[in-house]
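2 protein chains.
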Amino acid sequence: MLVEAPNLGLRALFFDVFGTLVDWRTSVAREAAAILRPQGIDLDWAQFADAWRAEYQPGMEEVRSGTIPFSKLDVLHRRNLERLLPRLGVTGLSEATLRDLTLSWHRLDAWPEVPAALARLKTKFLIAPVSNGNISLMADLARRNALPWDAILGAEIAGDYKPKPRVYEAACAAFDLAPAQCMMVAAHSNDLQAAAASGLRTAHIARPNEHGPGKGESAPTVPVDFAAKDLAALADRLAV
Amino acid sequence: MLVEAPNLGLRALFFDVFGTLVDWRTSVAREAAAILRPQGIDLDWAQFADAWRAEYQPGMEEVRSGTIPFSKLDVLHRRNLERLLPRLGVTGLSEATLRDLTLSWHRLDAWPEVPAALARLKTKFLIAPVSNGNISLMADLARRNALPWDAILGAEIAGDYKPKPRVYEAACAAFDLAPAQCMMVAAHSNDLQAAAASGLRTAHIARPNEHGPGKGESAPTVPVDFAAKDLAALADRLAV
Chain A
-6 MLVEAPNLGL
4 RALFFDVFGT
14 LVDWRTSVAR
24 EAAAILRPQG
34 IDLDWAQFAD
44 AWRAEYQPGM
54 EEVRSGTIPF
64 SKLDVLHRRN
74 LERLLPRLGV
84 TGLSEATLRD
94 LTLSWHRLDA
104 WPEVPAALAR
114 LKTKFLIAPV
124 SNGNISLMAD
134 LARRNALPWD
144 AILGAEIAGD
154 YKPKPRVYEA
164 ACAAFDLAPA
174 QCMMVAAHSN
184 DLQAAAASGL
194 RTAHIARPNE
204 HGPGKGESAP
214 TVPVDFAAKD
224 LAALADRLAV
Chain B
-6 MLVEAPNLGL
4 RALFFDVFGT
14 LVDWRTSVAR
24 EAAAILRPQG
34 IDLDWAQFAD
44 AWRAEYQPGM
54 EEVRSGTIPF
64 SKLDVLHRRN
74 LERLLPRLGV
84 TGLSEATLRD
94 LTLSWHRLDA
104 WPEVPAALAR
114 LKTKFLIAPV
124 SNGNISLMAD
134 LARRNALPWD
144 AILGAEIAGD
154 YKPKPRVYEA
164 ACAAFDLAPA
174 QCMMVAAHSN
184 DLQAAAASGL
194 RTAHIARPNE
204 HGPGKGESAP
214 TVPVDFAAKD
224 LAALADRLAV
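So the sequence lines, in the order shown, correspond to chains A and B. Our numbering applies: residue -6 is where the first sequence begins, and numbers increase by one. Our numbering applies: residue -6 is where the second sequence begins, and numbers increase by one.
To be clear, the hints were calculated from the coordinates, so they are not data collected in a lab. Bear in mind that the values here come from a model prediction, so they are computed numbers and not experimental data. Even for Gly, the Cβ is constructed at its ideal location relative to N, Cα and C. Check before you lean on any hint, since a few could be wrong.
As the list claims (entries may be wrong) - With a straight-line cut-off of 16 Å between C-alpha atoms, the simulated EDC-like cross-links for lysine to aspartate or glutamate are:
id, chain 1, residue 1, chain 2, residue 2
1, A, Lys208, A, Glu54
2, A, Lys65, B, Asp169
3, B, Lys65, A, Asp169
4, A, Lys157, A, Glu54
Claimed, not checked - Output of the computed footprint for chain B on chain A, the stretches with three or more beta carbons under 8 Å from beta carbons of chain B:
id, stretch
5, 126 to 135
6, 156 to 170
As the list claims (entries may be wrong) - Simulated restraints on C-beta separations:
id, chain 1, residue 1, chain 2, residue 2, range
7, B, Ala173, A, Glu88, 16 to 22 Å
8, A, Thr214, B, Lys222, 55 to 61 Å
9, A, Pro158, B, Gly59, 50 to 56 Å
10, B, Gln40, A, Glu54, 54 to 60 Å
11, B, Arg72, A, Glu54, 36 to 42 Å
12, A, Phe219, B, Ala173, 55 to 61 Å
13, A, Pro158, B, Leu91, 44 to 50 Å
14, A, Thr116, B, Gly85, 34 to 40 Å
Given the sequences, and given the hints that come with them, work out the whole structure.
Okay, here's the thing in structure tokens:
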């Protein structure tokens, strides 16, 4: 049994992953360059990562709206990639290359303070990703970055994508907790706003460079319970 | 990316938990005694654990047959307990006591060699429980016994109970693997038989004392890929 945080009754912390815990932009740019440059393809790799990421919300919206059945994020990433490449003038890639590129999202690096801060937070709280990434992707990121999850929750468990309420609610239910005993931790105000609407507590982590230098949320734009400059600062605030 | 096991193409190991990794009988007997003895109740505690466990398969069968919708194992354990207690002449327990007793199943101890053997196996394979226990129960057992899971798969992910094929198949799908790349590890031949029918490889672990001295499977009664005297021996066989 975990000790409760003083005055909060908090038992579990749920984490957004892309942008909040891992630097997807630098990592995808690096992976894409490593895969495509040897094939004679030259692109602005950071721009490539941005363009791929720009397809992310529209792809998930097709699931959220019920236009297509739930498909795991790897499948959406692949489809979004195939939509993107012709626009960049890249054609004729092999199946193996397309597959390897799609799995770039399984090889993202954590922001530097994350592994140690998560280990601290785990001494006091149940911790789980509540990401739109699928289970295998989360498992690969956990191995790569030593993220010591108690369980992998999120979109694939819920069968829908954030910010749909059922994703947050399924995570609380998986741990047998009331929403008020759980806190969503994210670098994105819309994620936190949706979690709060389902009754969860919220913590914002500043990631001012998520989309490139100065292009990220340095502060929340919605009311939150905590706002911290990074995950180590959140651990300090939660007295871990 | 994990290295493939020589000649097998194995990528993931899935584990039965109750009986295979943890000694539910001794642990439940100990927990029940600790909770009920101070209330002046005296029972044969090992027999109490056996009687509670005897309700396990019939309870799940109501879900498997579609008689009741999927309910997590904690819910079935509670209902089975309430069916059992009057037969033992135990009545009038408080809600808090019933709840605490039900959570005995979250406080089971691993067989001695398990944590170290799992850590060895994790160096070569993705590892996950594919148990009928719910996510929160698996997370509590993992913390208590230092079981270093990559993810928690099993009944709650699949929405049904083993040995229904969908439980094994949902686990393979969560890791994006074909059944032949996965191996079910269990101390119960019926579990392994069902996993093999879905195309998984199988390993039997001897637990001759699971249901009391000499009352457990010391060898498989069905064809398996590996049969080992304990989990450390399986790790030896898989050259970890």
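Hint by hint, here is what the structure shows:
1. Lys208(A) x Glu54(A): violated, 23 Å
2. Lys65(A) x Asp169(B): holds, 10 Å
3. Lys65(B) x Asp169(A): holds, 10 Å
4. Lys157(A) x Glu54(A): holds, 10 Å
5. 126 to 135: It holds, with 6 qualifying residues against the three required.
6. 156 to 170: holds (count 3)
7. Ala173(B) x Glu88(A): 16 to 22 Å: Holds - the Cβ-Cβ distance for Ala173(B) and Glu88(A), about 21 Å, lies within 16 to 22 Å.
8. Thr214(A) x Lys222(B): 55 to 61 Å: Given a distance of about 60 Å, which is inside 55 to 61 Å, the answer is holds.
9. Pro158(A) x Gly59(B): 50 to 56 Å: violated, 28 Å
10. Gln40(B) x Glu54(A): 54 to 60 Å: holds, 57 Å
11. Arg72(B) x Glu54(A): 36 to 42 Å: holds, 41 Å
12. Phe219(A) x Ala173(B): 55 to 61 Å: violated, 47 Å
13. Pro158(A) x Leu91(B): 44 to 50 Å: Violated - the Cβ-Cβ distance for Pro158(A) and Leu91(B), about 31 Å, lies outside 44 to 50 Å.
14. Thr116(A) x Gly85(B): 34 to 40 Å: holds, 39 Å
Checked against the numbered hints above, the structure violates hints 1, 9, 12, 13; every other hint is satisfied.
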